[in-house]
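J.: Sequence:
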Amino acid sequence: MKKYDVTGIGNALVDIEFKVKDQFFLDNQVEKGLMTLVDEDRQNHLMKVINHAEAKKQAGGSAANSVVAVSQFGGKSYYCFRVANDELGHFYLNDLQESGVDSALKVSNLQEGITGKCLVMVTDDSERTMNTFLGITQNFSVNDLNESAIKDSKYLFIEGYLITSENGKTAIKHAKKVAEENGVKVALTFSDPAMVKYFREPFDEVIGASVDLLFANEEEAMLFTGKDNLLEAREEMKKVAKHFVITQGKNGAMIFDGDTFIDIEPYPTTAIDSNGAGDMFAGAFLYGITNGHSYASSGKLASMASSRIVSQFGPRLKWHEAKEILARLNP
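Quick note on numbering: the sequence shown equals residues 9 to 339 in our numbering.
Keep in mind the hints are simulated off the structure, nothing from the lab. Some clues are possibly wrong.
Unchecked claim - Estimated spans, in silico, between C-beta atoms of each pair:
1. Pro276 / Gln119: 40 to 48 Å
2. Asp132 / Pro274: 37 to 45 Å
3. Gly300 / Phe99: 32 to 40 Å
4. His98 / Lys40: 30 to 38 Å
5. Glu120 / Leu42: 29 to 37 Å
As the list claims (entries may be wrong) - Keeping only pairs whose Cα atoms sit at most 35 Å apart, straight-line, the calculated DSBU-like set for lysine-lysine is:
6. Lys162 / Lys29
7. Lys29 / Lys114
8. Lys181 / Lys114
9. Lys40 / Lys10
10. Lys56 / Lys162
11. Lys114 / Lys65
12. Lys326 / Lys40
13. Lys235 / Lys10
14. Lys159 / Lys10
15. Lys326 / Lys29
16. Lys326 / Lys64
17. Lys11 / Lys40
18. Lys247 / Lys177
19. Lys250 / Lys27
20. Lys10 / Lys56
21. Lys27 / Lys10
22. Lys177 / Lys11
23. Lys247 / Lys114
24. Lys65 / Lys246
25. Lys235 / Lys114
26. Lys177 / Lys114
27. Lys193 / Lys331
28. Lys193 / Lys326
29. Lys246 / Lys114
30. Lys159 / Lys65
31. Lys27 / Lys159
32. Lys247 / Lys235
33. Lys235 / Lys11
34. Lys250 / Lys205
35. Lys162 / Lys235
36. Lys326 / Lys56
37. Lys193 / Lys258
Note that the coordinates shown come from a computational prediction; the quantities given were computed from them, not determined experimentally. Even for Gly, the Cβ is constructed at its ideal location relative to N, Cα and C.
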């Protein structure tokens, strides 16, 4: 028996989420709909012009959101990450602990520096735009991996955002090697279309021969495969992933279980904030397949969970909501 269902590796960012109008992007020269890496001065400028009173703060990062979801549904998860010995770093540690996610970090062993922040700007059309200052998480490296936790997990879950730095890419490759040598399955999420668009070759390098499970949305799948339609893209993805999930927003999702394609129906919802929907889908799906559910059942759970996420402000469920969704799955 493995101690953990999922060990995740990824960026550790305090998400500061707030609502804006499209004019905000024009006034402040922000590219809508993408995750953009910015320096501290740029982020501080944006922080000065936002309405802090309505901003929501919580521990985030793509893979972090997913391992929190695993925990909320009743799974056991671990996270490898880096935050600094500052106010936001302490906040991050406490938030992750309260979410039931294990880690090696404590206040006593945090390094000096600045904890990363992600400004999540949500517009009336529910689209999310992110400007991220990585801070100390940009130095995430092999030294931040807990090999024992990886070996004692059913899945290693890799966040695509780590691909942007050489040390992050090296950490991905090392973690994947440790997992493969110890019979641990490897899952990877592309995280954002911009990652696939600008870091295609590094992704080829870290994926290698294949991964056990790949998460992508429609745009990422087509960018990665170089195909202009989903039917061709999904056939091409068989060459790099034994199993994969392509999320399709309001149209649900498509799962390849290694033999056949499974269409996952969407659940009716009124979308107000798409932030975290893909992270929730991945986390709920990983919980399902590591806790006795079929690919179809796991996809149904993930679809229900992500539909709940887009109907609210913020990338996380409340604990009782996770229990309610599980009860709907297993009436």
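J.: Does each hint fit the structure? Answer for all of them.
T.: Comparing the hints with the structure gives:
1. Pro276 / Gln119: 40 to 48 Å: For Pro276 and Gln119 the Cβ distance comes to about 46 Å; the hint holds.
2. Asp132 / Pro274: 37 to 45 Å: At 21 Å between Cβs, range violated.
3. Gly300 / Phe99: 32 to 40 Å: Hint holds: Cβ distance 35 Å, inside 32 to 40 Å.
4. His98 / Lys40: 30 to 38 Å: holds, 33 Å
5. Glu120 / Leu42: 29 to 37 Å: holds, 31 Å
6. Lys162 / Lys29: violated, 43 Å
7. Lys29 / Lys114: violated, 39 Å
8. Lys181 / Lys114: Holds. Lys181 to Lys114 sits at ~26 Å (cutoff 35 Å).
9. Lys40 / Lys10: violated, 42 Å
10. Lys56 / Lys162: violated, 44 Å
11. Lys114 / Lys65: With a Cα-Cα distance of about 20 Å, the restraint between Lys114 and Lys65 holds, given a limit of 35 Å.
12. Lys326 / Lys40: Holds. Lys326 to Lys40 sits at ~28 Å (cutoff 35 Å).
13. Lys235 / Lys10: violated, 39 Å
14. Lys159 / Lys10: Status holds; Cα separation ~8 Å.
15. Lys326 / Lys29: Between Lys326 and Lys29 the Cα gap is close to 27 Å, so the pair holds against 35 Å.
16. Lys326 / Lys64: Judged against 35 Å, a Cα distance of about 15 Å means the pair holds.
17. Lys11 / Lys40: violated, 41 Å
18. Lys247 / Lys177: holds, 21 Å
19. Lys250 / Lys27: violated, 39 Å
20. Lys10 / Lys56: violated, 46 Å
21. Lys27 / Lys10: The given pair, whose Cα atoms are some 41 Å apart, is violated under the 35 Å limit.
22. Lys177 / Lys11: Satisfied, since the Cα-Cα distance of roughly 26 Å is no more than 35 Å.
23. Lys247 / Lys114: violated, 41 Å
24. Lys65 / Lys246: violated, 38 Å
25. Lys235 / Lys114: With Cα atoms ~45 Å apart, Lys235 and Lys114 exceed 35 Å; violated.
26. Lys177 / Lys114: Given pair Lys177, Lys114 holds - Cα atoms ~25 Å apart, limit 35 Å.
27. Lys193 / Lys331: holds, 26 Å
28. Lys193 / Lys326: Holds, at roughly 28 Å.
29. Lys246 / Lys114: violated, 41 Å
30. Lys159 / Lys65: Given that 35 Å is the threshold and the Cα spacing comes to 32 Å, the pair holds.
31. Lys27 / Lys159: The hint is violated at about 41 Å.
32. Lys247 / Lys235: Answer holds: Lys247 to Lys235 is near 14 Å, not above 35 Å.
33. Lys235 / Lys11: violated, 40 Å
34. Lys250 / Lys205: holds, 23 Å
35. Lys162 / Lys235: Roughly 32 Å between the alpha carbons, so the hint for Lys162 and Lys235 holds.
36. Lys326 / Lys56: Holds, because 30 Å separates the two Cα atoms, which is no more than 35 Å.
37. Lys193 / Lys258: Holds, at about 29 Å.
Hints 2, 6, 7, 9, 10, 13, 17, 19, 20, 21, 23, 24, 25, 29, 31 and 33 from the list above are not met by this structure, while the remaining hints are.
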